[in-house]
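Chains as they are written, first to last, in the numbering used here: chain A, -2 to 110; chain B, 80 to 193.
No lab work stands behind these hints, which were simulated from the structure alone. Keep in mind that the hints are not guaranteed to be accurate.
As the list claims (entries may be wrong) - For lysine-lysine, the following DSSO-like pairs were computed, each having C-alpha atoms within a straight-line distance of at most 27 Å:
{"hint": "1", "chain 1": "B", "residue 1": "Lys150", "chain 2": "A", "residue 2": "Lys52"}
{"hint": "2", "chain 1": "A", "residue 1": "Lys50", "chain 2": "A", "residue 2": "Lys68"}
{"hint": "3", "chain 1": "B", "residue 1": "Lys185", "chain 2": "A", "residue 2": "Lys0"}
{"hint": "4", "chain 1": "B", "residue 1": "Lys121", "chain 2": "A", "residue 2": "Lys10"}
{"hint": "5", "chain 1": "B", "residue 1": "Lys136", "chain 2": "B", "residue 2": "Lys185"}
{"hint": "6", "chain 1": "A", "residue 1": "Lys0", "chain 2": "A", "residue 2": "Lys52"}
{"hint": "7", "chain 1": "B", "residue 1": "Lys185", "chain 2": "A", "residue 2": "Lys54"}
{"hint": "8", "chain 1": "B", "residue 1": "Lys150", "chain 2": "B", "residue 2": "Lys136"}
{"hint": "9", "chain 1": "A", "residue 1": "Lys54", "chain 2": "B", "residue 2": "Lys116"}
{"hint": "10", "chain 1": "A", "residue 1": "Lys54", "chain 2": "A", "residue 2": "Lys15"}
{"hint": "11", "chain 1": "B", "residue 1": "Lys136", "chain 2": "A", "residue 2": "Lys68"}
{"hint": "12", "chain 1": "A", "residue 1": "Lys15", "chain 2": "A", "residue 2": "Lys67"}
{"hint": "13", "chain 1": "B", "residue 1": "Lys150", "chain 2": "B", "residue 2": "Lys121"}
{"hint": "14", "chain 1": "A", "residue 1": "Lys0", "chain 2": "B", "residue 2": "Lys150"}
{"hint": "15", "chain 1": "A", "residue 1": "Lys52", "chain 2": "A", "residue 2": "Lys68"}
{"hint": "16", "chain 1": "A", "residue 1": "Lys0", "chain 2": "B", "residue 2": "Lys121"}
Stated by the list, open to error - Listing some non-contacts, in silico: residues in chain B with all C-beta distances to chain A over 10 Å:
{"hint": "17", "residue": "Pro87"}
{"hint": "18", "residue": "Val92"}
{"hint": "19", "residue": "Glu94"}
{"hint": "20", "residue": "Val99"}
{"hint": "21", "residue": "Thr103"}
{"hint": "22", "residue": "Ser105"}
{"hint": "23", "residue": "Ala108"}
{"hint": "24", "residue": "Gln124"}
{"hint": "25", "residue": "Ala142"}
{"hint": "26", "residue": "Thr148"}
{"hint": "27", "residue": "Ser164"}
{"hint": "28", "residue": "Ile191"}
To be verified - Sample of chain A residues at the chain B side, in silico, Cβ under 8 Å:
{"hint": "29", "residue": "Leu40"}
{"hint": "30", "residue": "Leu42"}
{"hint": "31", "residue": "Glu103"}
Just so you know, even glycine gets a beta-carbon here, dropped at the ideal spot from N, CA and C.
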Amino acid sequence: DVKVTQSSRYLVKRTGEKVFLECVQDMDHENMFWYRQDPGLGLRLIYFSYDVKMKEKGDIPEGYSVSREKKERFSLILESASTNQTSMYLCASKTGANTGELFFGEGSRLTVL
Amino acid sequence: GENVEQHPSTLSVQEGDSAVIKCTYSDSASNYFPWYKQELGKRPQLIIDIRSNVGEKKDQRIAVTLNKTAKHFSLHITETQPEDSAVYFCAARDEGGGADGLTFGKGTHLIIQP
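So here's chain B without its partners, still in its complex pose (with noise of 0.2 Å):
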């Protein structure tokens, strides 16, 4: 099955500044790449995905890029604020590969000091 490697556990950041997270998989066939944020006491939520048939995704202040060739995958946050403190999970699945659920990095817990 797939195996997703996540790195840092923890990141401690100054206000302002860029955050990046990075992920390792196992799999192959994995073509899919979801981030979720989960903020303290809350459920898991995606911020952003990506598709093996591109290489980079924006979304405002969120990128996530990918490499297949090294099968790993990153998300980076600029200008970081308060309210990105919160722990963020990759993930990664074959879409082609039936109903079942995705395979999750153990998490970065991402820290915004003023």
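Just chain A, same shape as in the assembly (with noise of 0.2 Å):
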């Protein structure tokens, strides 16, 4: 059974602290991804990772940071965070090939004060 594990579901942050979102697959999977998820405007990319230490942009990266050491860890970085930065963020990983599904993780909800 695939497991994908985001290491905070709740967190409260002030406005320009430094947050870090964790995430973690044990399927060995190639492919990584952060959405963020917000309400009437569904799972938006953030960024993705198609291997350890590669990473590209999604559609909406501004204010966000990634880091992909080592193949089953995914993290997504907010260097200064902003109120507008307050969502849900769900991670998702996926197998190599250019098919398959997706498996979200849990989910981290972040207020930002």
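Hints are included, so try docking the two chains, each in its own frame, into the full complex.
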């Protein structure tokens, strides 16, 4: 059973703080993704990675960066959190083939005050 | 890039009736169209998908149809049950286009009325 684990389910941070969201998958998947979910806006892709140390911008990368030092771990970083980054963040992974299902984590709900 | 439009944003049906959710896509290169279901407080999960070499696919009470010419695809749920209440997302991607992620619609909140 594929497992994608996000380390924090709920976080509350202050404007200007640095925020790390961690994601770990246990299925040896090559591809990992960070999405942001907001009511009425669906799931929007922030960044993705197709290999260790590789990263690509998604549709809304501004204000975010990512790190993939190990195959199983993909981190989303908010260098200086802002109130408009209050959202649900979903990590996902899939195999390296150009096909296949996305497996999501439970999500991390971030509130920036 | 790809743009996926999804309608309606909210759909309320009586238990036992059918529900239909429609999506359109913009990139004619897209050839993979999955549907994800997200129950309240839970992660999105794949419920059915279709590739562009077929026009329809069924799995018990769920079916998906694809019209490549018109660039639209639909999710059909028959004999709806309370456990069908959830947010449903359609998505599209070009499977020959590299490792990038899916482009999702904005979601449909399906409410099953008892």
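Do the hints match the structure? See the list:
no.: 1; hint: B:Lys150 - A:Lys52; result: violated, 30 Å
no.: 2; hint: A:Lys50 - A:Lys68; result: holds, 9 Å
no.: 3; hint: B:Lys185 - A:Lys0; result: holds, 25 Å
no.: 4; hint: B:Lys121 - A:Lys10; result: holds, 23 Å
no.: 5; hint: B:Lys136 - B:Lys185; result: holds, 23 Å
no.: 6; hint: A:Lys0 - A:Lys52; result: holds, 22 Å
no.: 7; hint: B:Lys185 - A:Lys54; result: holds, 20 Å
no.: 8; hint: B:Lys150 - B:Lys136; result: holds, 16 Å
no.: 9; hint: A:Lys54 - B:Lys116; result: holds, 26 Å
no.: 10; hint: A:Lys54 - A:Lys15; result: holds, 20 Å
no.: 11; hint: B:Lys136 - A:Lys68; result: violated, 34 Å
no.: 12; hint: A:Lys15 - A:Lys67; result: holds, 21 Å
no.: 13; hint: B:Lys150 - B:Lys121; result: violated, 30 Å
no.: 14; hint: A:Lys0 - B:Lys150; result: violated, 34 Å
no.: 15; hint: A:Lys52 - A:Lys68; result: holds, 12 Å
no.: 16; hint: A:Lys0 - B:Lys121; result: holds, 14 Å
no.: 17; hint: Pro87; result: holds, 12 Å
no.: 18; hint: Val92; result: holds, 21 Å
no.: 19; hint: Glu94; result: holds, 25 Å
no.: 20; hint: Val99; result: holds, 19 Å
no.: 21; hint: Thr103; result: holds, 14 Å
no.: 22; hint: Ser105; result: holds, 14 Å
no.: 23; hint: Ala108; result: holds, 12 Å
no.: 24; hint: Gln124; result: violated, 7 Å
no.: 25; hint: Ala142; result: holds, 19 Å
no.: 26; hint: Thr148; result: holds, 23 Å
no.: 27; hint: Ser164; result: holds, 17 Å
no.: 28; hint: Ile191; result: holds, 20 Å
no.: 29; hint: Leu40; result: holds, 4 Å
no.: 30; hint: Leu42; result: holds, 5 Å
no.: 31; hint: Glu103; result: holds, 5 Å
The structure fails hints 1, 11, 13, 14, 24 (numbered hints given earlier, in ascending order).
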